[in-house]
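Trainee: Chain by chain, the residues:
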Amino acid sequence: MHDVVYYAAMIWMTGLLCVCFGLVIRTHSSIVRIVGFDAMSLVLISVLILFSITTESSYYLDAALLLALVSFVSTIAAARYHSERRVF
Amino acid sequence: MRPYVFDVLVIFGAVVMTLGVIGMIRLPDVYTKLHGASKSVFLGVVVLAVSGMAVGGEAMFSRLLLICLALLITTPVTSHVVGRAAFLQHERMSTAGAVDESGSILPANESPPWRV
Numbered sequence: 000m001h002d003v004v005y006y007a008a009m010i011w012m013t014g015l016l017c018v019c020f021g022l023v024i025r026t027h028s029s030i031v032r033i034v035g036f037d038a039m040s041l042v043l044i045s046v047l048i049l050f051s052i053t054t055e056s057s058y059y060l061d062a063a064l065l066l067a068l069v070s071f072v073s074t075i076a077a078a079r080y081h082s083e084r085r086v087f
Numbered sequence: 000m001r002p003y004v005f006d007v008l009v010i011f012g013a014v015v016m017t018l019g020v021i022g023m024i025r026l027p028d029v030y031t032k033l034h035g036a037s038k039s040v041f042l043g044v045v046v047l048a049v050s051g052m053a054v055g056g057e058a059m060f061s062r063l064l065l066i067c068l069a070l071l072i073t074t075p076v077t078s079h080v081v082g083r084a085a086f087l088q089h090e091r092m093s094t095a096g097a098v099d100e101s102g103s104i105l106p107a108n109e110s111p112p113w114r115v
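Those protein sequences? They're chains D and G, same order as listed. Numbering that gives the first Met the number 0 numbers the first residue of the first sequence as 0 and each following residue consecutively. Numbering that gives the first Met the number 0 numbers the first residue of the second sequence as 0 and each following residue consecutively.
Be aware that a few hints might be false.
Unchecked claim - Okay, the calculated bits of chain D under chain G, using three or more residues with CB under 8 angstroms as the criterion:
1. 32-40
2. 44-56
What the hints assert, rightly or not - Partial pick of chain D residues on the chain G-facing surface, computed with a CB cut under 8 angstroms:
3. Val4
4. Trp11
5. Met12
6. Thr13
7. Val18
8. Leu22
9. Ala63
10. Ala67
11. Leu68
12. Phe71
13. Thr74
These are computed hints drawn from the structure, not numbers from a lab. C-beta atoms are modelled at their ideal positions from N, C-alpha and C, and glycine is treated no differently.
Build the full structure now, drawing on both the sequences and the hints.
Mentor: Right, dumping it as structure tokens:
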């Protein structure tokens, strides 16, 4: 019963990931692309959390933590480069 | 009784994230898209992490707590930087009845007076 909920949530999150990817591809504004990439990384973190819950192994959570930190740095670099044409 | 509470938490997190993604698609403006992208999706991830904390063991608990703390620190910073970049690039508010309360509507091709 519980596994059904987690698998359904994982499939739903994968669908949300595809929807975010479609938003990133189809939009015309570049700053909306940055927002979409940020949301895509958050959805991917949730997929990793659900996968680690279903498999009962904590190793995927290390990947999720690193993905959170790397997406933070990449989003800030992309936004600063978009606004000022330089990162630092 | 207790495990069903965590299933309800997972469903709640999925619903909140879905609402955030729908808002990110449907809202007309980058400033309003940021609401859905930063707040709702972040809250959905936190609810899923709380459910995982309650279900999993100690190793999963500590790692999920670290993920929650990292997202809690980094998500407001990210949304602020993205909104600032949109403001510096003269993105217009296209919501009906939107008012720029900063009072400094930048003319095009002009840098703001403060240091960027």
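Trainee: Starting from the hint list further up, note which numbers the structure goes against and sort them upward.
Mentor: 6
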